[in-house]
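Asks: Protein chains in written order, with this note's numbering: chain V, 1 to 194; chain P, 1 to 507.
To be clear, the hints were calculated from the coordinates, so they are not data collected in a lab.
Honestly, I wouldn't trust all of these hints.
Stated by the list, open to error - According to the in silico footprint, chain V covers these stretches of chain P (three or more CB under 8 Å from chain V):
#1 123 to 135
#2 161 to 170
#3 173 to 180
Stated by the list, open to error - Below, computed lysine to aspartate or glutamate pairings styled on DMTMM-like, alpha-carbon distance capped at 25 Å:
#4 P:Lys139 x P:Asp429
#5 P:Lys427 x V:Glu44
#6 P:Lys458 x V:Glu114
#7 P:Lys288 x V:Glu169
#8 P:Lys291 x V:Glu114
#9 P:Lys417 x P:Glu501
#10 P:Lys427 x V:Asp38
#11 P:Lys425 x V:Asp38
#12 P:Lys458 x V:Glu44
#13 P:Lys288 x V:Glu44
As the list claims (entries may be wrong) - Quick list of the computed label-pair ranges, beta carbon to beta carbon:
#14 V:Val115 x P:Ser286: 44 to 52 Å
#15 P:Asn462 x V:Met135: 28 to 36 Å
#16 V:Tyr152 x P:Asn459: 55 to 63 Å
#17 V:Gln123 x P:Asn462: 22 to 30 Å
No experiment lies behind these values; they were computed from the predicted model shown.
Just so you know, even glycine gets a beta-carbon here, dropped at the ideal spot from N, CA and C.
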Amino acid sequence: MTLPRSNGNYYHRQGLLSLFLMCAFPLHFWTLLLAFRDISWVIERTNVWDAIGVASYGMIYAFIESLLVFIVASLLGLLISRSWSVERRVALLSVFTLVISLWAMVSQLYFLWEVSLPDSILQALAHNAHPVRTMYMALFTLTATTFVIPAYFVLQSDKGLKVMRDLVERITLLSMFYIFLSFVGLVIVIIRNV
Amino acid sequence: MRQTINRRDFLKLAGLLPLSLAAPRFMQTSLGKKNVIIIVFDAFSAYNISLYGYSRATTPNIAELAERAIVYNNHYAGGNFTTTGTASLLTGTNPWTHRAFELFGEIAPAVAAHNIFNVFKDHYRLAYTHNLVANVLLKQFRNDIDELIPRELLLLGSYGSFVQTLFGNDEDIASVGWTRNIKLEETGYAYSLFLSQLYQPLQDNLVKNIRSQFPRGIPTANYDDGFVLGQGIDWISERLIAAPQPFLGYFHFLPPHSPYRTTLEFYKKFNNDGFEPTEKPLSVFSQKQDKHDLLRRRTEYDEYILHVDKEFGRMYNHLESSGLLENTILVLTSDHGELQERGISGHSTATLYEPVIRIPLLIFEPGRKTRLDINTTTSAIDILPTLLHLTDQAIPDWAEGTILPPFAPTVQDPDRKIYVMRAHKNKHDQPIATSASITMMKEQYKIHYYMNYPDLEKNGQNELISLFDVQTDPEELVDLSISHKKIANALLEELKTKLAEENKPFL
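Isolated chain V, as found in the complex (with noise of 0.2 Å):
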């Protein structure tokens, strides 16, 4: 599939480079974290240089999920109406792609963290004719509502709008930085694999 250009009423080519960049934020943001957290453990066990290797891989799959994330935002963003600007319609996907990945944090740190659903709600829930039918719905209201307020925002005001296009430029700095972090990392992979 051949997306249309710019003016060509679907995406530019600095619109793609935000979405792109925006998508690789939060991927290679968990990445670091996680590799930082574990650089202790793999230095306990091998050493610095494992430690280095380790999160080098995590980079590079960072970069991969990165890119096939980006692709399935673009091809959502051939949904949205192009009664919206580009501008606008990029604003949206990054907040997509910023409360999904939020999200998906979550769930993980809450096994990180190992926290627990409040007693009161397990209870409630205990007590629910259909428990997990229940629970998804609770679930996918909440995230559903932390998408369409910010979404209601990008889309409706003008000044929604400035503070995401201000944030994503901000974020794009730090991706861009990020991005040289996985070149870095397929350069040692290299390294340790030749």
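Fit chain P to the given chain V structure using the hints.
Replies: Coordinates of chain P only, in the frame set by chain V:
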């Protein structure tokens, strides 16, 4: 219809190729020599084996077979984890000689040729391991092995098997990287936010037919994919029956190493059986595991041993019925033990208490009909010279072990000292100076020496010494280092002198 061959089938066929190439050479040159099979079950502690007196009946099959074997009751590994333990077994040397200290470490290059495969040149040499860490050593010896069976051959199919192919020169760390990226199964979190969520259902689907056989999950080999011990045992058994003779086979299976995932047959076999472990004081290296957790993990470990016991019994019977054992020496042992006490679970520990270093050793020799118990203290380094002796080959000068009784032509030196060591923070080309544990056994005494660990430094110490009489106190409950100060000091002096001597070339 066109028949296709998948990668697994290809590897199986490829495995037979060396057989056809090598058969004439071995048949012509070594007719009449005995075969040798070494079976290693990883992290198999003698402490938890009923054959050695454990109160849970964990090894009924091995106990039955032991009635026709030589049973070594006080046998010790070279280290308390795979690298060091396996290296001592395969090289017949102490850790400070082979210097494979670090996890994923290799033998020091200068002594890499000093290995069991190199000295069994007249035999067809085969080797396999599930264990990624042991595989590092086998790969180091690959030029001395006629048939190094690919590790992934006996692993279950996986979407992650590309890692071994693509990153073959960095397989171990690439596998760790892949696991930490994609697999949520163990911890519930992974580097990948989205692919990890997709991977698990796909992988589950791939192994859904056998999942029901493993209520605690399918056993996994270190950081990567699943395996079924029975499948490995079957494949190796068939391979051995067809192998050119005489052969030396080294097969290092991962069970009962953690994760302790027994089969449905043994699941909850020891649940609520009233077993009460001996109460022991917390170690200074305690991982703060509470006693309920330790008992649960011990029970799971014991149930996993039942699975190992059954599979070994099956393998033995299969080889016996094939007639192979009529001309084969079969060795059953381990690379190190496992500990579920003193606040510690597993073997990632500085400590060198009995459960983590005392391992099984049984030798089945052709024609033996009765059990022979050997109570002398023996070491993993003794296996290499013993097997050379039993196959009428010369023992090289560099071998540090001795021929095991009852095969030894002379009585064992009563002053013999046996060493076990963990020095995983030390480099092979530097003196042993940081975070190291050494135990030395002499007569009935066992001295533990721990040096330069952060856990000790927190208490203002840089070394810790304890002394036990393991004949009268096999549980190591009474530290004699104060009450028997003279003996403790003498042994410590001896140990430190030995360490200084071994460190000298690296200073």
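Asks: Going straight from one Cα to the other, do Lys288 (chain P) and Glu169 (chain V) come out at no more than 25 Å?
Replies: violated, 47 Å
Asks: Taking only the CA atoms, is the gap from Lys458 (chain P) to Glu44 (chain V) under or equal to 25 Å?
Replies: holds, 18 Å
Asks: Kindly confirm whether 28 to 36 Å is satisfied by the beta carbon distance between Asn462 (chain P) and Met135 (chain V).
Replies: Violated: the Cβ-Cβ distance is about 54 Å, outside 28 to 36 Å.
Asks: Check whether three or more residues of the region 161 to 170 of chain P sit with their beta carbon closer than 8 Å to a beta carbon of chain V.
Replies: Satisfied; 4 residues make the cut.
Asks: Taking 8 Å as the C-beta cutoff, is the stated coverage of the region 123 to 135 of chain P by chain V satisfied by three or more residues?
Replies: violated (count 0)
Asks: Would you mind confirming whether the straight-line C-alpha gap from Lys139 (chain P) to Asp429 (chain P) stays at or under 25 Å?
Replies: Roughly 20 Å between the alpha carbons, so the hint for Lys139 (chain P) and Asp429 (chain P) holds.
Asks: Using the C-beta atoms of Tyr152 (chain V) and Asn459 (chain P), is the stated range 55 to 63 Å upheld?
Replies: holds, 60 Å
Asks: Regarding Val115 (chain V) and Ser286 (chain P), is the given constraint of 44 to 52 Å on their beta-carbon distance met?
Replies: violated, 26 Å
Asks: Mind checking the alpha carbons of Lys427 (chain P) and Glu44 (chain V) for me, to see if they're no more than 25 Å apart?
Replies: The hint holds at about 13 Å.
Asks: How about the region 173 to 180 of chain P: do at least three of its residues have a C-beta closer than 8 Å to a C-beta of chain V?
Replies: With 6 residues closer than 8 Å to chain V, the region 173 to 180 of chain P meets the three-residue bar; holds.
Asks: Lys417 (chain P) and Glu501 (chain P) were given as a pair; does the straight-line alpha-carbon distance stay at or below 25 Å?
Replies: Holds, at roughly 15 Å.
Asks: Can the restraint linking Lys427 (chain P) and Asp38 (chain V) be considered satisfied, given a maximum Cα separation of 25 Å?
Replies: holds, 22 Å
Hints 1, 6, 7, 14, 15 and 17 from the earlier list are contradicted by this structure; the remaining hints agree with it.
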